[in-house]
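Taking the hints into account, I'd like the entire structure generated from these sequences.
The lines below spell out each chain.
Protein chains: 2
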Amino acid sequence: MIQWYDYVGYFGSFLTSITFIPQVYKAWKTKSVGDLSMWMMSIVVLSTIVWLVYAFAIGSGPVIVANSIVLVLSLLLVYFKFSFKS
Amino acid sequence: MIQWYDYVGYFGSFLTSITFIPQVYKAWKTKSVGDLSMWMMSIVVLSTIVWLVYAFAIGSGPVIVANSIVLVLSLLLVYFKFSFKS
Chain A
0 MIQWYDYVGY
10 FGSFLTSITF
20 IPQVYKAWKT
30 KSVGDLSMWM
40 MSIVVLSTIV
50 WLVYAFAIGS
60 GPVIVANSIV
70 LVLSLLLVYF
80 KFSFKS
Chain F
0 MIQWYDYVGY
10 FGSFLTSITF
20 IPQVYKAWKT
30 KSVGDLSMWM
40 MSIVVLSTIV
50 WLVYAFAIGS
60 GPVIVANSIV
70 LVLSLLLVYF
80 KFSFKS
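Chains A and F, in that order, give the protein sequences. Taking numbering that gives the first Met the number 0, the leading residue of the first sequence gets 0, the next gets one more, and so forth. Taking numbering that gives the first Met the number 0, the leading residue of the second sequence gets 0, the next gets one more, and so forth.
Where hints are given, some of them may not hold.
The list cannot tell twin chains apart, which means a pair is met if one copy fits it or any two copies do.
The list that follows gives simulated cross-link-like pairs (lysine-lysine, DSSO-like), each with its CA atoms no further than 27 Å apart [claimed, not checked]:
no., residue 1, residue 2
1, K80, K28
2, K80, K25
3, K80, K30
Worth flagging that the hints you see were computed from the coordinates, not collected in a lab.
Structure, rendered in structure tokens:
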């Protein structure tokens, strides 16, 4: 039976998924990423891969979806970091 | 019984916990946060609060610890955003 906190978890997954959308948008618009930490983005990429392994192991759809989205967005930020002059 | 993927989950929690440490360090050292998206940081703050509600509801210690750390670090970044000139 679905509990109230399951909906809270889905809402958390949703928020986590969209976290980097405004950052990607800002970086794309300003072509400026000098203040972004390459270490932060590297940890994000690595952590999403680790979470994806975990999510596939336990068969958790929402965790797979959320981390796939974050992985793509953080890889985009890493790409921007290399392409834009800072 | 603890499965191999539980350790993967703990590793994911650890990585998520430390994600913002290099960003906080970089922001503090450079006193420059102009390229950071305020929207991103606001979503991070909100999402950690939502995850904390979920984690307390299901009694998940690792999720509570990870999100508490991320909450403190993201609030620090929001504070930097207001204090440092960009």
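*Which numbered conditions among the earlier hints are violated in the structure presented, ordered from lowest to highest?*
When the structure is compared with the hints, none of them turns out to be violated.
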